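Colleague: Okay, here's what each chain looks like letter by letter:
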Amino acid sequence: MLGEGMLKGLAETAENFAGSFVSKERMTTVQYPEERIAPIENTRDFPFLIFDGTDPLAGLRCVACQICEKECPPKCIYITKSTDKKPDFVGKPQNYPTRFDIDISVCMSCQICVEVCPFEAIKMDTQFELSTTDRFGGLLLDRDQLSRSNEYYNEIHPTEAAEVDARLAEEKVKAEAKAKAAAEAAAAKAAAAAAAPPAVTAPPKEPIAKEPGA
Amino acid sequence: MSFVAKLDQIFVLLQHWIAGFFPLWLQPLVMIVLGVIAIVAAFPGIFALTTVLERKGLGRIQNRLGPNRVGPLGILQPVADGIKSLTKEDIVPLSADAIVHFLAPLVLVVAVFLGFAVLPIGRNMVLVNLDAGLLFFFAIGASTELSIFMAGWSSRNKYSLLGAMRAVAQMISYEVPLLLSSVVVVMITGSLSTVKIVEAQSGFTGFLPHWYVFTPWGFAGFALFVVAALAETNRSPFDLPEGESELVAGYFTEYSGFKFALFFLGEYLGMFSIAGFAITLFLGGWGAPFSFLEFVPSWAWFFLKLLGAIAFFIWLRGTMPRLRQDQLMNFAWKFMLPMALLNLVVAGAWRFLGEGPLGGWVRWIICSLVLLTAYVLLGRVLMRNQNLGPRSYRYAD
Amino acid sequence: MIFGFSILFLLTAVVTVAGALAAALLKNLVHCALSLTVTFAGLALLYLELGAQFIGFAQILVYIGAVAILVVFAILLTRGAGVPEYRGYSSSWFFGLVIAAATFALLAWAVVKSLPASLVSATPAVSVQSIGTALMSSYVLPLEIVAVLLTVALIGAVIVAMPEGKASSEKGGPQ
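Residue numbers (the numbering used here), protein chains in the order written: chain A, 1 to 214; chain B, 1001 to 1397; chain C, 2001 to 2175.
Just chain A, with the same shape it has in the complex (with noise of 0.2 Å):
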């Protein structure tokens, strides 16, 4: 019959009008910014870089390739290499950027710079609530305020954090069993080269410092 829907359309308004003020749960929105809804992991918002351990300058991943520059869609990146080199978290020396300038209000968070990062030295942060009043200025975040560490990456990101975390223990062992390796052959060839002219040997080649935890 003729009516019959919207009948049944106005009880069910009725209902929900009703049941606002009786059950809480019914409320599909929160009362911003006093609560917040929390975001799910795998949220993203605009890069950040990481560093290991307690110093950002010198824990900083980065080495300053350039590629997460040159793959940047929107060109958002711009960098500065270093010309001196300081040990990464193997012990070789690399670049580091001096400038790491990133302009979110271009950056589309597309994730493509995170994607090509060979270091795994820039991801996604979560923060989304970057307004200012300084419109050029201040929406472009120089390497200071890109910094953050492990610790945080940990937090708001779980699961990706501890898989890149293995993967780079991982390495670290490879690379310190290469050097165990290069080291014993070295040696070897010393001994070899001792029992010979006692000429002198360069000493074996060894990480000059150890990057404490990572």
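Since the hints were made in silico from the structure, they are not lab data.
Please note: incorrect hints may appear among the correct ones.
In the DSBU-like style, the derived pairs of lysine-lysine whose C-alpha atoms are separated by at most 30 Å in a straight line are [to be verified]: (1) K189(A) with K174(A); (2) K8(A) with K1334(B); (3) K75(A) with K85(A); (4) K1084(B) with K1006(B); (5) K24(A) with K8(A); (6) K2027(C) with K1158(B).
What follows is a set of in silico ranges between Cβ atoms, one per label pair, in the way DEER data are often shown [said to hold, decoys possible]: (7) P2163(C) with E1199(B): 44 to 54 Å; (8) L1341(B) with V2126(C): 22 to 32 Å; (9) I37(A) with I1018(B): 53 to 63 Å; (10) H1210(B) with E35(A): 50 to 60 Å; (11) K1158(B) with P2163(C): 19 to 29 Å; (12) V1070(B) with D134(A): 23 to 33 Å; (13) V2112(C) with M1329(B): 43 to 53 Å; (14) G1257(B) with I67(A): 45 to 55 Å; (15) T29(A) with V1079(B): 19 to 29 Å; (16) E129(A) with V1070(B): 21 to 31 Å; (17) M6(A) with F1290(B): 27 to 37 Å; (18) L2025(C) with N1330(B): 39 to 49 Å; (19) K1158(B) with G2156(C): 39 to 49 Å.
Quantities reported herein were computed from a predicted structural model and do not represent experimental measurements.
Where a beta carbon is used, it is the ideal one built from N, C-alpha and C, also for glycine.
Following the hints, complete the assembly by docking chains B and C onto the known chain A.
Modeller: Relative to chain A, chains B and C alone:
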């Protein structure tokens, strides 16, 4: 006068008291001016309240809270809205017709305010007791269509014009059932004056009132009047002319700032005046629903009924999807018009059966049966051509 | 009282005549239609001043609410709302003036002739009820003929606007 009677007539007494301060030759003018001031103060106040109630009501229907930041429970939201609309830049398109563009909201608001002049808000509380009050109201309602057309045309915007055309077509189509369903009341009462119509409904049988809505023809007339009133004021589900997802804002796309606020005001005030008329014609105006509740003042009953009508309109808005233009027209011409004409016949039959031997409950049964049968049959005819099923797409399968 | 007319009548008359003149002289057609609406409103006010409530409100309802809308729809659906490029005065304005003056003279003579010799002081109170009774008893034939005329016009409008039944259903597919 007893206390109850004094409370009932408090505004009239206030009006006479203030007019007493003026010389005798000025008194009629002062009385009229005071009445006008009361209307201009009361109904925009209700408009402000309605905007907040609507947003909160719609919010709770949609499982969310409405605005609740400005003032306790968001009551002061209309103040914020008013300040916003007053301080926004008034943009007039370069190629728009400046004079007509400026006059359109004015014509609307003036026409709508004029409609309140014949609304009996309480006992002895009508601004002008016109002999042809009902005709005056419908005449003024017809003038609002002109302002909508002016708004749509002067904006030089094809979407505005389209929205205006649709709105005018809709309003013209629904004026016919609106007028016919109110003619029933005029037939039975024998007068076009709103005051006499309310007085004719003020008796009680036992404790039940004599409202026209409690008769078969009155109920059908009330239903038809309410649907036509929704369509006249472009209110959901008939808000195609101003549907945001269809035509941006329809005929008031090019209006900003205070002119937009005036259109909004005019639309809502039109809704109030037509709801007030539905109450006057069918729901007994300022009469109490039960005879033991007569101590509540008459103006309080009117405003309570008005709030109930507004709540119902908000409820409908939150429930129903929008009607398409052709569905609108079909409904008006193929369903509502025959029902309204049949209602006229049934009301006449009711009146003359009441005097003959078939009076009493027999005429109730006859009239109700005729109306119900017609409703079911017309409903079937209306729904006959609908192929409501899952759509099949030519290329997507 | 100026010239024997009340101020209210003079104001209303000025508005009505101004509207009518504007409707004849303005260039933009929609402006002309809107000034014609002002003329209708002025006429309604004149009826109300004379105490004819029913016909005053019927004038508003019918003329402003329906005829004015009809006029603007007709303008928009036929030629659009462009401003014409030519000047609005034709070359045969003299003959137009002569014909207009002749019509005015005829109408003025009819109006003056119909005024009674001595104006009655008390106008008969015509209520809506007496209009209704008169329509149903002495004027029922004109009422029915007008109703038939309106029905014929409605049917004619529907026929003119109806789509060509068979042709469109073959071309357009299921609709």
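Colleague: All hints, please: hold or fail.
Modeller: Quick rundown of the hints versus the structure:
1. K189(A) with K174(A): Answer holds: K189(A) to K174(A) is near 22 Å, not above 30 Å.
2. K8(A) with K1334(B): 24 Å, holds
3. K75(A) with K85(A): 26 Å, holds
4. K1084(B) with K1006(B): 41 Å, violated
5. K24(A) with K8(A): Measuring from Cα to Cα gives roughly 24 Å; hence the hint holds.
6. K2027(C) with K1158(B): Holds - the C-alpha atoms of K1158(B) and K2027(C) are around 22 Å apart, at most 30 Å.
7. P2163(C) with E1199(B): 44 to 54 Å: 51 Å, holds
8. L1341(B) with V2126(C): 22 to 32 Å: 28 Å, holds
9. I37(A) with I1018(B): 53 to 63 Å: Distance hint for I37(A), I1018(B) holds at roughly 56 Å.
10. H1210(B) with E35(A): 50 to 60 Å: 54 Å, holds
11. K1158(B) with P2163(C): 19 to 29 Å: At roughly 23 Å between Cβ atoms, P2163(C) and K1158(B) fall inside 19 to 29 Å, so the hint holds.
12. V1070(B) with D134(A): 23 to 33 Å: 29 Å, holds
13. V2112(C) with M1329(B): 43 to 53 Å: 49 Å, holds
14. G1257(B) with I67(A): 45 to 55 Å: Check passed, 52 Å falls within 45 to 55 Å.
15. T29(A) with V1079(B): 19 to 29 Å: Cβ of T29(A) to Cβ of V1079(B): about 23 Å, so the range 19 to 29 Å holds.
16. E129(A) with V1070(B): 21 to 31 Å: 23 Å, holds
17. M6(A) with F1290(B): 27 to 37 Å: For M6(A) and F1290(B) the Cβ distance comes to about 29 Å; the hint holds.
18. L2025(C) with N1330(B): 39 to 49 Å: 43 Å, holds
19. K1158(B) with G2156(C): 39 to 49 Å: 30 Å, violated
In this structure, the hints that do not hold are numbers 4 and 19, in rising order.
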